[in-house]
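Undergrad: Chains A and B, in that order, are what the protein sequence lines are. With this note's numbering as the guide, the letters of the first sequence map in order to residues 1 to 304. With this note's numbering as the guide, the letters of the second sequence map in order to residues 1 to 280.
Since the hints were derived computationally from the structure, they do not count as laboratory data. Just so it is clear, CB atoms sit at the ideal spot from N, CA and C, and this is done for glycine as well. Careful: at least some of the hints might be erroneous.
SDA-like mimics (lysine to any residue), calculated; alpha carbons at most 25 Å apart, straight line [what the hints assert, rightly or not]: (1) B/Lys89 / A/Lys103; (2) B/Lys89 / B/Leu100; (3) B/Lys22 / B/Met1; (4) B/Lys95 / A/Ala286; (5) A/Lys103 / B/Pro160; (6) A/Lys14 / B/Thr43.
Coverage of chain A stretches by chain B, computed from C-beta distances (three or more under 8 Å per stretch; other residues unrestricted) [stated by the list, open to error]: (7) 93 to 105; (8) 265 to 279.
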Amino acid sequence: MKPIDLKNQIRARKRYDALFGVLGLLALMIGVLTFCALFADMAIKGMGRVDWDFFTSFPSRHPGQAGILSAWVGSTLVMLVTAFFAVPLGVAAGVYLEEYARKNWVTDLIEINITNLAGVPSIVYGLLALGLFVYQFGFGQSILSAGLTLALLILPVVIVATREAIRSIPQAIREGSYALGATQWQTVRYHILPYSSAGILTGIIIGMARAIGETAPIITIGALTFIAFLPPAPVSAQPPFLSFEWLVSPFTVMPIQMFNWTSRPEAAFQVNAAAAGFVLVIMTLAMNGLAIWLRYRLRRNIKW
Amino acid sequence: MLFLAALVSVFTTVGIVTILVKESVVFFEQVSIVDFLTDTQWTPLFDDAHFGIMVLLSGTLTSSLVALAIAIPLGTVIAIYLSEFAPFKLREIAKPFLELLGGVPTIVYGYFALLFVTPLLQRIYPGLPGFNLLSAGIVMGIMIIPYVASISEDAMRAVPMSLREGSYAMGATRLQTALRVVFPAAFSGVAAAYILGISRAVGETMILAVAAGMQPNLTFNPLEPAATITAYIVQVALGDLPHGSVGFQTIFAAGLTLMLITLIFNIAGHLLRKRFRETY
Chain A
1 MKPIDLKNQI RARKRYDALF GVLGLLALMI GVLTFCALFA DMAIKGMGRV DWDFFTSFPS
61 RHPGQAGILS AWVGSTLVML VTAFFAVPLG VAAGVYLEEY ARKNWVTDLI EINITNLAGV
121 PSIVYGLLAL GLFVYQFGFG QSILSAGLTL ALLILPVVIV ATREAIRSIP QAIREGSYAL
181 GATQWQTVRY HILPYSSAGI LTGIIIGMAR AIGETAPIIT IGALTFIAFL PPAPVSAQPP
241 FLSFEWLVSP FTVMPIQMFN WTSRPEAAFQ VNAAAAGFVL VIMTLAMNGL AIWLRYRLRR
301 NIKW
Chain B
1 MLFLAALVSV FTTVGIVTIL VKESVVFFEQ VSIVDFLTDT QWTPLFDDAH FGIMVLLSGT
61 LTSSLVALAI AIPLGTVIAI YLSEFAPFKL REIAKPFLEL LGGVPTIVYG YFALLFVTPL
121 LQRIYPGLPG FNLLSAGIVM GIMIIPYVAS ISEDAMRAVP MSLREGSYAM GATRLQTALR
181 VVFPAAFSGV AAAYILGISR AVGETMILAV AAGMQPNLTF NPLEPAATIT AYIVQVALGD
241 LPHGSVGFQT IFAAGLTLML ITLIFNIAGH LLRKRFRETY
């Protein structure tokens, strides 16, 4: 090879190198720009509808008066049920797998299971809930059924986050605790759980953000799309003060309300869909953002 | 107690399989499995009922292929760029941003596909129907990019620095190193990312239910409207068919098919990832 050829070759390779740098940046920009387009499109179309009335009105046949009151109340109540089941179960399972489980085939089975469950399409969870909660257990198309479904759906997320948080605690902490005569449970209760709580919280927030945006499984259990009433209030002035009737009440949630409006042909309803979508995206972004920020702070502050 | 909590995940799987199989058995008592697999019509709600799952599979396949045609090249380029080219600061910003992109609810993507991307495509190609697999597929692809990019990037970052340094010492450019050394070394991890992307695409529901129409249609042309397995389940769940009727049982048979397809991909992805973890 003549020296002049070699020089050209090197120049060409360097050019390809720079070219790929540009290509990579472009590809990244496509992702970022799409997101900006999505957000801007919804903000421009929906902003005009997002006001106090929008949050305090029921859905209506008249698009101008329709609001998301029943949707956000429904979402909040479903999230309460989801958190009530998913958080203790997920954290307990995570602690068990990291701290207590022996290395045997049962543990392997559970681990493979969790990995697999994380990959099951959400609509399949909906079918499970339809067969099990709605028909078998007779919970009906209620807030309880929906909350349980979403709890199962985000369980793998909570378990994996818990395990990762626990795994990052150095062994020396445990040994120190045992050396002072603590039992295994005391070690978990006073050392492992407090030190991993920020990491676990991150996982819970990400899981809840996912649950709040899930539509498919809730449609599958047959949640109504037109609900112009609120579930019975959980707290009342008369004895027995607390009522759990809201658990079995029919409901709607934010993503279903949005789906309903999106699939209407009238443009005015689609504006409502944009407004609901805008609120929904802000909510999930805020939750995910909080989780990412928490994790970032965690990485900086931890010095074992 | 803690052990029982961990077992809940096993119960969930057992529950899913039991429910799907049990309800599908009711369905297959009335419809032969040969018809289910070979019929070319899907009209479970008509008097002249046909149950050819191929019709729904074609919709699922076509939309997934469109999505993958977007997500795999873009996701791979982004992963290589972030892992080998991008300055540290850009990566620190881009990674969380990609995560945020993955956290947007799918119904919002569906809205975006129907009311933003489809009108945009119609300007380029005026004959495009309002519901079509193309725009749903494109948006689905964009939705999957974060998954593909993030898992592939993790795989590439796990390749030991010494391999790169060896390559640079031989006078290779960054691009040569990335394509000929890092990418092949990380390939099983990257392949796992692709497979997880495929399984996401196959199981995606709301984008297709909103933007691709719910008309069963045996087609491989992305410009047409068609129903996927997932969209069909949503359609039946929205309707008011009584529990126990054949029409209603179809969704469990469809769900079982979906579950089996994603299970195959998930297991393949799991095995590949395990192999890549053991390499270094």
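Undergrad: Which earlier hints can't be squared with this structure?
TA: Violated: hints 1, 3, 5, 6.
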